[in-house]
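2 protein chains.
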Amino acid sequence: MQYTFADRISSLQPSAIREILKFTADPTVISFAAGNPAPEAFPVKEVAEISSRIFAERPIDALQYSITEGYTPLRDRMKNFMRDRYNSYRDFDELIVTSGAQQVMELTTKALCNEGDTIICEAPSFIGSLNAFRSFGVKLRGVPVESDGIDIAQLEEALKEEKKAKFIYVIPNFQNPSGVTMSLEKRKAVYDLAGKYGVMILEDNPYGELRVKGENIPTIKSMDIDGRVIYAGTFSKVLSPGIRVGYAVAPSPVIQKMVVCKQVTDVHTNIFGQMLADEFMANYDFDAHLEKIRGIYRNKMGLMLDLMKQHLPGSVTWNEPEGGLFIWCTLPEGADMLGFCKEAVETYRVAVVPGTAFLTDESAPCSSFRLNFSTPTDQQLVEGMEKLGKAAAKYLTV
Amino acid sequence: MQYTFADRISSLQPSAIREILKFTADPTVISFAAGNPAPEAFPVKEVAEISSRIFAERPIDALQYSITEGYTPLRDRMKNFMRDRYNSYRDFDELIVTSGAQQVMELTTKALCNEGDTIICEAPSFIGSLNAFRSFGVKLRGVPVESDGIDIAQLEEALKEEKKAKFIYVIPNFQNPSGVTMSLEKRKAVYDLAGKYGVMILEDNPYGELRVKGENIPTIKSMDIDGRVIYAGTFSKVLSPGIRVGYAVAPSPVIQKMVVCKQVTDVHTNIFGQMLADEFMANYDFDAHLEKIRGIYRNKMGLMLDLMKQHLPGSVTWNEPEGGLFIWCTLPEGADMLGFCKEAVETYRVAVVPGTAFLTDESAPCSSFRLNFSTPTDQQLVEGMEKLGKAAAKYLTV
Chain A
1 MQYTFADRIS
11 SLQPSAIREI
21 LKFTADPTVI
31 SFAAGNPAPE
41 AFPVKEVAEI
51 SSRIFAERPI
61 DALQYSITEG
71 YTPLRDRMKN
81 FMRDRYNSYR
91 DFDELIVTSG
101 AQQVMELTTK
111 ALCNEGDTII
121 CEAPSFIGSL
131 NAFRSFGVKL
141 RGVPVESDGI
151 DIAQLEEALK
161 EEKKAKFIYV
171 IPNFQNPSGV
181 TMSLEKRKAV
191 YDLAGKYGVM
201 ILEDNPYGEL
211 RVKGENIPTI
221 KSMDIDGRVI
231 YAGTFSKVLS
241 PGIRVGYAVA
251 PSPVIQKMVV
261 CKQVTDVHTN
271 IFGQMLADEF
281 MANYDFDAHL
291 EKIRGIYRNK
301 MGLMLDLMKQ
311 HLPGSVTWNE
321 PEGGLFIWCT
331 LPEGADMLGF
341 CKEAVETYRV
351 AVVPGTAFLT
361 DESAPCSSFR
371 LNFSTPTDQQ
381 LVEGMEKLGK
391 AAAKYLTV
Chain B
1 MQYTFADRIS
11 SLQPSAIREI
21 LKFTADPTVI
31 SFAAGNPAPE
41 AFPVKEVAEI
51 SSRIFAERPI
61 DALQYSITEG
71 YTPLRDRMKN
81 FMRDRYNSYR
91 DFDELIVTSG
101 AQQVMELTTK
111 ALCNEGDTII
121 CEAPSFIGSL
131 NAFRSFGVKL
141 RGVPVESDGI
151 DIAQLEEALK
161 EEKKAKFIYV
171 IPNFQNPSGV
181 TMSLEKRKAV
191 YDLAGKYGVM
201 ILEDNPYGEL
211 RVKGENIPTI
221 KSMDIDGRVI
231 YAGTFSKVLS
241 PGIRVGYAVA
251 PSPVIQKMVV
261 CKQVTDVHTN
271 IFGQMLADEF
281 MANYDFDAHL
291 EKIRGIYRNK
301 MGLMLDLMKQ
311 HLPGSVTWNE
321 PEGGLFIWCT
331 LPEGADMLGF
341 CKEAVETYRV
351 AVVPGTAFLT
361 DESAPCSSFR
371 LNFSTPTDQQ
381 LVEGMEKLGK
391 AAAKYLTV
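Residue numbers (the UniProt record's numbering), protein chains in the order written: chain A, 1 to 398; chain B, 1 to 398.
Calculated from the structure, these hints are not laboratory results. A hint or two may mislead.
[Said to hold, decoys possible] Straight-line distance between alpha carbons at most 30 Å, and here's what the computed DSBU-like set of lysine-lysine pairs gives:
1) B:22 / A:22
2) A:213 / A:164
3) B:45 / B:342
4) B:163 / B:188
5) A:164 / B:22
6) B:164 / B:139
7) B:394 / B:342
8) B:79 / B:45
9) B:139 / A:164
10) B:196 / B:160
11) B:163 / A:139
12) A:164 / A:188
13) A:213 / A:79
14) B:188 / A:163
15) A:139 / B:188
16) A:213 / A:196
17) B:22 / A:79
18) B:213 / B:387
19) B:45 / A:45
20) B:309 / B:390
21) A:139 / B:139
Since the structure is predicted, the reported quantities are computational estimates derived from the model, not experimental observations.
Between the sequences and the hints, there should be enough to build the whole structure, so can you do that?
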């Protein structure tokens with residue numbers, strides 16, 4: 001039979017990068033295109049211990065249906081964590097456990113936005129979030145990211161023009177893909193503008209605990225006296241992405257609607273993953289664990305930056321992020337970035353993600369691409385960057 | 001601040017039953033209102049064995065990101081399972097692993113339906129599915145269920161009238177909540193009507209393996225030569241609901257769109273749960289396990305039916321399902337069913353689900369309620385049914 005699909009999903013798959021990403025399934029291709037944690041960052045021994053305790057002592061709890069809001073001990077623990085560590089949980093807030101932070105994007109949009117509403121995003125921004133927004137038929141309005149975060153003047157311009165704006169979506173720490181960290185001044189300005197124009201803020205902080213240098217900057221949620229910030233957190237980068245456990249902190253009326261939406265989506269997040277996260281936070285030294293994985297990423301990022309200096313032509317530029325998993329790299333003006341990415345993977349067998357993938361308008365001009373240093377081994381970093389250098393040298397002189 | 005939510009979720013929460021269900025959190029209330037598997041039906045020892053093997057031998061696989069389509073060994077295994085056991089996997093089909101069967105409802109609607117489209121459902125039907133459909137702003141059209149399944153004449157009427165119908169949603173085996181099993185003739189008729197009117201079918205089969213008497217009837221999917229049937233299966237009732245692992249079998253173009261939708265929802269289903277399900281199917285005797293849990297439910301259903309005969313007034317009627325977890329019970333015409341359910345929980349401390357919760361139109365007349373026998377212990381069945389009998393005796397003579 002002929003299948004007809006919903007209008008809302010027609011724009012979901014950016015076609016330009018699909019061709020490049022499908023190469024990453026080929027084991028002979030070195031991929032700087034992923035965003036997986038380094039395998040050595042997983043607390044394997046601890047997880048095995050916790051798991052055998054859970055199935056020895058409380059197997060029924062781990063196998064039976066649970067409540068949509070999340071495993072109560074984990075919820076209580078993360079409320080305290082958000083309050084004590086980040087000053088980001090007030091009396092009017094609530095917390096929902098989600099199936100990864102990706103589900104926070106889905107539930108927020110489903111609860112807040114009608115088709116035709118607008119979400120204001122950083123440009124570039126995380127493609128997974130942009131596609132979650134798109135899948136509800138909302139309009140995306142991109143605002144450029146500068147070296148200290150979103151362009152505040154252009155954000156105000158966007159808020160003035162977009163009469164149906166519902167929220168501003170930002171990743172303040174080590175933004176994916178730009179690597180940029182938003183300054184404290186800009187965080188305050190974003191919060192103030194949201195208040196002035198009566199919109200909410202979705203603050204996505206998957207990498208906040210992966211800072212490798214510099215000082216922590218307060219979350220936007222910590223400034224939230226009005227109750228207009230929805231904060232998305234996750235265990236994906238600090239414990240395990242495979243368990244699919246994230247969370248949102250937001251004013252109670254918003255969380256209540258997210259619970260209603262989650263109930264019809266997946267009933268609840270898998271309970272074993274929630275118990276695992278809870279026991280890990282309760283019985284192990286989370287800060288010592290963070291120190292260890294920060295060390296891993298500090299080394300990997302440093303290695304990649306050294307190799308970039310060594311191999312990439314002088315006309316290629318990049319920033320040095322203070323954390324996270326990505327480096328944003330820019331070809332000289334006028335270079336055919338998409339062509340370069342294609343040539344790099346087809347001829348030199350090294351994959352990067354074209355910057356256009358992260359734009360609200362995929363056809364806008366963009367000469368940047370994203371590099372990831374957490375997934376490849378050190379040896380792959382060395383070999384891959386040498387190859388990428390050759391690809392760049394050849395491509396930029398042609 | 002003032003929060004405004006999306007129109008699509010305004011109708012999600014049926015208010016009439018919320019009052020009753022909140023009583024089930026009270027431990028002094030005996031609940032016949034749930035749908036949880038019996039704790040003794042979980043293969044606890046096997047799960048502990050599998051879990052320690054996974055974290056000893058393949059911890060990184062269980063902790064790292066995985067692909068949206070699902071864990072490849074489990075997908076391949078379930079394709080064979082659906083082909084060999086149910087003749088329900090053809091060359092044009094594909095399989096996606098989902099976060100419980102609930103997510104199949106979500107993904108199917110998201111992929112196929114625009115706001116304003118119609119989904120044709122059995123009336124009554126599973127509230128979780130109805131709410132998933134509602135959450136996309138679709139119209140629900142209910143078609144009455146008879147003792148051998150959906151009313152075929154009224155189904156054709158609905159298909160004639162609903163010009164924007166996208167699919168027919170049915171639960172052919174031991175339907176939730178009616179307990180009814182659809183006859184082979186009606187399954188064929190539903191399939192033929194879907195072809196005649198050019199719509200798809202969503203066949204939900206969470207209880208199919210929980211048959212306690214009678215003969216298996218072929219799935220509608222087994223008749224699907226046109227590629228118009230989406231089949232939803234789950235490990236929730238035969239292994240564990242807490243792991244949140246279900247699956248859908250459908251023609252490849254439909255599965256491809258469901259994958260796109262799933263990617264922006266939760267990236268992938270938790271990988272440990274998928275590995276657990278795969279190893280359980282691979283290394284343990286699934287049929288022996290099914291025999292065991294069928295025995296548990298045969299006994300529990302038999303006990304509840306005996307107690308109903310013993311305690312409920314003669315004017316109360318019910319069917320005897322051939323499987324599943326629920327018995328649908330009907331008060332004499334004119335009785336105030338909602339009042340009875342309220343009185344039962346408030347005064348007699350026993351909770352049942354009012355039948356209106358399962359209707360596409362919650363305000364339609366309904367004198368039935370749903371009983372569950374899998375969650376309560378045998379002792380709770382005895383005590384609870386005695387109390388429910390008292391409530392009915394008092395309520396029906398007032």
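> Failing hints, ascending?
Replying inline: Numbers 1, 2, 3, 5, 14, 15, 16 - these are the hints that the structure violates, sorted from lowest upward.
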